[in-house]
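Quick mapping for you: the protein sequence lines, in order, are chains F and R. If you use my numbering, the first sequence corresponds to residues 1 to 317, in order. If you use my numbering, the second sequence corresponds to residues 1 to 291, in order.
Warning: the hint list may mix true and false statements.
Here are the simulated SDA-like pairs of lysine to any residue, each with C-alpha atoms no more than 25 Å apart in a straight line [to be verified]:
1) R:Lys69 x F:Glu159
2) R:Lys207 x R:Ile193
3) R:Lys150 x F:Glu159
Because the hints were derived from the structure by calculation, they are not lab data.
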Amino acid sequence: MKKYIDTGKKDTRSGFGAGLEELGKKNENVVALCADLTGSLKMDAFKNNHPERFFQVGIAEANMIGMAAGMTIGGKIPFTGTFANFSTGRVYDQIRQSVAYSGKNVKICASHAGLTLGEDGATHQILEDLGLMKMLPGMTVINTCDYNQTKAATLAIAEHDGPVYLRFGRPKVANFTPEDQNFEIGKAVQLTEGNDVTIVATGHLVWEALQAAETLAEEGITAEVINIHTIKPLDADAIIASVKKTGCVVTAEEHNYLGGLGESVARVLSTEYPNPQEFIATKDTFGESGTPEQLMEKYGLNAKSIVAASKKVIQRK
Amino acid sequence: MRKQILNHTTMANTTQLEDFVMQVRRDILRQVHKVNSGHPGGSLGCAEFFTALYQEVMDYTTDFTMDGKNEDLFFLSNGHISPVFYSVLARSGFFPVDELNTFRLIDSRLQGHPTTHENLPGVRIASGSLGQGMSVAIGAAQTKKLNKDKHLVYSLHGDGELQEGQNWEAIMYAAGNQVDNLIATVDLNGQQIDGSTDRVLPLGNLKDKFEAFGWEVLEVKNGNNITEVIQGLQDAKEKTGQGKPVCILLHTVMGNGVDFMMHTHEWHGKAPNDEQLEKALAQNPETLGDY
Numbered sequence: 001m002k003k004y005i006d007t008g009k010k011d012t013r014s015g016f017g018a019g020l021e022e023l024g025k026k027n028e029n030v031v032a033l034c035a036d037l038t039g040s041l042k043m044d045a046f047k048n049n050h051p052e053r054f055f056q057v058g059i060a061e062a063n064m065i066g067m068a069a070g071m072t073i074g075g076k077i078p079f080t081g082t083f084a085n086f087s088t089g090r091v092y093d094q095i096r097q098s099v100a101y102s103g104k105n106v107k108i109c110a111s112h113a114g115l116t117l118g119e120d121g122a123t124h125q126i127l128e129d130l131g132l133m134k135m136l137p138g139m140t141v142i143n144t145c146d147y148n149q150t151k152a153a154t155l156a157i158a159e160h161d162g163p164v165y166l167r168f169g170r171p172k173v174a175n176f177t178p179e180d181q182n183f184e185i186g187k188a189v190q191l192t193e194g195n196d197v198t199i200v201a202t203g204h205l206v207w208e209a210l211q212a213a214e215t216l217a218e219e220g221i222t223a224e225v226i227n228i229h230t231i232k233p234l235d236a237d238a239i240i241a242s243v244k245k246t247g248c249v250v251t252a253e254e255h256n257y258l259g260g261l262g263e264s265v266a267r268v269l270s271t272e273y274p275n276p277q278e279f280i281a282t283k284d285t286f287g288e289s290g291t292p293e294q295l296m297e298k299y300g301l302n303a304k305s306i307v308a309a310s311k312k313v314i315q316r317k
Numbered sequence: 001m002r003k004q005i006l007n008h009t010t011m012a013n014t015t016q017l018e019d020f021v022m023q024v025r026r027d028i029l030r031q032v033h034k035v036n037s038g039h040p041g042g043s044l045g046c047a048e049f050f051t052a053l054y055q056e057v058m059d060y061t062t063d064f065t066m067d068g069k070n071e072d073l074f075f076l077s078n079g080h081i082s083p084v085f086y087s088v089l090a091r092s093g094f095f096p097v098d099e100l101n102t103f104r105l106i107d108s109r110l111q112g113h114p115t116t117h118e119n120l121p122g123v124r125i126a127s128g129s130l131g132q133g134m135s136v137a138i139g140a141a142q143t144k145k146l147n148k149d150k151h152l153v154y155s156l157h158g159d160g161e162l163q164e165g166q167n168w169e170a171i172m173y174a175a176g177n178q179v180d181n182l183i184a185t186v187d188l189n190g191q192q193i194d195g196s197t198d199r200v201l202p203l204g205n206l207k208d209k210f211e212a213f214g215w216e217v218l219e220v221k222n223g224n225n226i227t228e229v230i231q232g233l234q235d236a237k238e239k240t241g242q243g244k245p246v247c248i249l250l251h252t253v254m255g256n257g258v259d260f261m262m263h264t265h266e267w268h269g270k271a272p273n274d275e276q277l278e279k280a281l282a283q284n285p286e287t288l289g290d291y
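Chain F extracted, bound-state conformation (with noise of 0.2 Å):
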């Protein structure tokens, strides 16, 4: 089985910071709104750079949402920086309107997605921001696993001509992805090849998938991990060929299982090839304060936890 290593710990956010001020030097139509929260979406390196294309909104993410949609109009590529919590559930009738039903070419960029952004609590951990964005006609949504990936997302977004929403963490994860990859919207990546169980895997859950994976080789048993960084337009060619050879799924997700990933994959595969499915995710839940890695024990999203669903998966084929 493929081995992929950590080449140290970082954070996704910073991923995005690195990106935006790339754009930053390469596209002078990208201009960045924040609400309040430059540091922490690191947006930091984009303000000081490029001062004239960067917009502090102050604590009004409503605004930044509506003036985003507004400078499209003449051809700016608006990228808007907060919470995801404040990025989709507090604003969600003006980006249903002024953006995705204007068709507008703005890019919803959320850090702090999930449990993982640890001792706040549930006021801030959103769990249901995939579902929100994913139902609306003409979104792009993405969730990217490391660093590296965050990076390339963040460029790739911008040469594409339409919403998009992208999901990112606070906390500092695996960074195993090549840093020069290309990124594909829309377009899984097969990680590990196997023959007894597929697991689709999507943001940090995707390290946790391929620590799984190595568990479950251990005791012979082959899966076979694809990171879908894109939820929606989702691969479900590569979801199907792979369920085609393993008969069976494990979803892997933060986030609620109701709207999520593992909800888009059980409606491609109860249509197009049925076959049993898991789903590591939280189960219509709020979070609460706590370590990252408390929070992904107790709410069973981690490699452990991957490791039982895939071994329960397997039994039900």
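Given the structure of chain F, go ahead and fit chain R onto it with the hints provided.
Quick look at chain R alone, frame taken from chain F:
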């Protein structure tokens, strides 16, 4: 083509503009009557404002591009008054006047509330869910500055719409960031769906509020007098470029031009029946020709 404007000779021009307004009122009434739905009250109250903007004040082209570079832009925030917007866009040359026949019908570009989704020329943002247009206008105004485009951005908002909190985020932003290429007009008709704004949720002294936020505020006492509206808009233009966003408080009468629709919220979102239409049209004779 660059905008189709009427002849510029002061007196004759006023008469022609008044004729234009009269025809717009007929268009509004006939659009909502045909589909027995839509919002005639606020539309009628703003016929002079739209006529002034598109026939006199704004510099624009009907060769529509979404980017709208090197032309003035207009954003309608209170999208429910789409009948007046559609009538004036059509009669200013953005799309065929006959298309007003399709208002709110299936497969029409003239959706109940304006949208970019059907590629209707003249519309640059969807609106209808209230309170979002000022933010959009501010964004477009900031892009104009980045593009070194000296043209202005205009927007229109209902007075009841100011109850939406997003407006006040936008109002604070625009003043704090010297968005002085924006003229936001508030249609002060004092009415909303459930009654007068004073009864539903009082707006207080809007002039004081906008000024306290750091805006330049002008009032047009009779927003249903075309000459006064044009003068108000011209005065507002003079105030742009001086570090402050500009607000026009436009006093209008909801349902203006149809005696039984005036000064009441009853016709905010109700269409006239056949008899009422006949009566209303009799008060607003055909001028430029019905579609």
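Now the hints, each set against the structure:
1. A C-alpha spacing of about 21 Å is found between lysine 69 (chain R) and glutamate 159 (chain F), which places the hinted pair at or below 25 Å, so the restraint holds.
2. About 23 Å separates the Cα atoms of lysine 207 (chain R) and isoleucine 193 (chain R), which keeps this hinted pair within 25 Å; it holds.
3. In summary, the hint linking lysine 150 (chain R) to glutamate 159 (chain F) is not supported, as the alpha carbons are separated by about 28 Å, beyond the 25 Å threshold.
The structure is inconsistent with hint 3 alone, although it conforms to all the rest.
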